[in-house]
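Participant: This is what each chain is made of:
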Amino acid sequence: MKAWLANFRGFSAARWWGVVLKEFLQLRRDRVTFAMIVGIPIVQLALFGFAINTDPRHLPTAVISAEQSEFSRSLVAALRNSRYFAITEELPDEAAGREALAEGRVQFVLSIPPDFSKRLLRGEKPAVLLEADATDPTATGMALGAAEQIAGAVARKDLRGPLAALVPGEPPFEIRVHRLYNPEGVTQYNIIPGLMGVILTMTLVMMTGLAMTRERERGTMENLLATPVRPLEVISGKIVPYIAIGLVQSTIILLAARFVFGVPFFGSIVAIYVAALLFIAANLTVGITLSSLAINQLQAMQMAIFYFMPNMLLSGFMFPFAGMPTWAQWLASALPLTHFNRLIRGIILKGNGWVELWPNIWPILVFTVIVMAVAVRFYRRTLD
Amino acid sequence: MSAEALAIDVQGLNKFFGDKHVVADLSLQVRRGEIFGFLGPNGSGKTTSIRMMCGLLTPDSGSGRCLGYDILRESDAIKHQVGYMTQRFSYWEDLTIRENLDFVARLYEMPNRRAAVDEALERLGLTSRAQQLTGALSGGWKQRLALAACMLHRPQLLLLDEPTAGVDPTARRDFWEELHDLAAQGISVLVSTHYMDEAERCHKLAYMAYGQLLVQGTAAEVVAAQRLTTWAVHGEHLGELSQRLREAPGVEQTVVFGSVLHVTGADAATLEASVRRIAGGAGLHVETVPTSLEDVFIHLMSRATDNYQDRP
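Quick note, the sequences are listed as chains A and B, same order. For reference, each letter of the first sequence is one residue, going -14 to 369 in the working numbering. For reference, each letter of the second sequence is one residue, going 185 to 496 in the working numbering.
Please note: incorrect hints may appear among the correct ones.
What the hints assert, rightly or not - Label pairs and their computed distance ranges (CB to CB):
no.	chain 1	residue 1	chain 2	residue 2	range
1	B	E277	A	F35	55 to 61 Å
2	B	E277	A	L232	17 to 23 Å
3	A	S221	B	E306	31 to 37 Å
4	B	F201	A	S(-3)	37 to 43 Å
For the record, the hints were derived by calculation from the structure and aren't laboratory data. Don't be surprised by glycine CBs; every beta carbon is placed ideally from N, CA and C.
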């Protein structure tokens, strides 16, 4: 206690105020830090306040309707009115439905059999099939719950007059739900593969973000610039060790997913590593670009966090993609993590092949090329 | 003078940082095998000039050649043949001495890399400490390592930016011995410094202040060009005398060196009258002495300050 009190002996308010003033002055000169102080709360508020929705509505749904009848139309309308389902396309057959689910274009496929209304009127309790992409149990759970109640509601509304006899008791038809890809709804099956992209983003962007600023901060950049070494040699040379680090991280996560969490692997290991390599490249170019833009390591760090946050929140890792408003979906579609999450979940849980993967591969390629161009453009060949 | 005889030949280089004119109309020639001293106060534009010569900064206007290559368009070729030693130690402190040298050798794509690194370590006398981290070296050793590293690719021209700042006198002397050895082998050296003894060891000198090159030539030429006369006053407690002399007619500057006071001015007759009246009147021994480089530089510096402040 006495020793602790000794800390306060001779405390000079004038000196203390001097330190406070100095910190404020330095803070004011560091524009990027200042921008972050204002920027981070705004971005957080926008993302959490407007974009994120843990009870996602308007999930994209495809309809395979083998008959056009009053009943099929009112069933589709009822689904839409529940606000959980947004009918985005009409598909010809079951194969097309499976493809749309595998690609992640739709969350649900509703199949109405050809003799639906006939059998309904005969009181045979026909079934419609609602297939769900259940990789993310939180995204589909509420919607499936709503769907169960719809059958009864539709019947009550449409079956009037002489048909009203069919109404009481059980619903006159059944919505049979198939949870595809993750039938037991195990959250880990969805989270663990998603974690791979999150971890790669966090470590790689941060580490490469510091790589170039470290040279500048320590004064070694001047030395490097005075030698004949070319920008592309420096940038790509700095990237290589991190590619190795990224692959090691991927392997650790995959091993843990398989043997610790028991995630089922349906797709090919080669496809996983191709996707991982592509994603690693995208992140490294981001890191190198931040590194060329930032003036010191602290700024690089802040920019990395600034980049990481929307990736984390919008990519569909934590919160369902389909639940976000359109503007947030557009933003998320520009981020490589969104596409990587779909790729890795598609490969591991759905066993997707190259054809289904391609729609999420090219955006990452485009992203990488653009960011790389920015990095080379902003690499300063001189000290100007 | 033929182009081959010049290692550096720049004309009318200008550089602005914002609206600050950092280097103004710099023209400078350095012959091959010459040690060229670059002097001037801090912030006078020496570092900026050196950076422009080796392609690290792009001049806003002007032209020039370095080892026969155009400094604007052929900076890649220049980088291969120039060794640049930065003002601040700029090798990797988290690499060992050998790793640093090896990395530099790779950047210059040196054949027989291993042999060149071994040789450099041996010349440095660091073979036994090759595995030591560079960050743990003392200032003098860092500076020797930096020189060895920028010499590794056998450049034709060395640009050294205050290489001996903060280095002890013995290490400085050894360093200059080495520079003269290199010059004897035909290597040209442009070296910036604040030390007068080093300035005197250069074949040629240039003095820069506020971005302007004020004078260049051999040490003797630089001194002669200013046409200054200097008187030495011997005695004790010269501080107060110095104050009085400075206000006397004909006296431009006074510098105390322990028990000797140097009084310098451009007008020899008026200066002599003032010195005899004030110092001689106090019964002190006075004599004329050759104006030293230091006197000249202080004179140049004060004049440049005046000019600078007069500018609108």
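Participant: If a hint holds in the structure, say so; if it does not, say that too.
Facilitator: Now the hints, each set against the structure:
no. : hint                         : result
1   : E277/B - F35/A: 55 to 61 Å   : violated, 47 Å
2   : E277/B - L232/A: 17 to 23 Å  : violated, 29 Å
3   : S221/A - E306/B: 31 to 37 Å  : holds, 34 Å
4   : F201/B - S(-3)/A: 37 to 43 Å : holds, 39 Å
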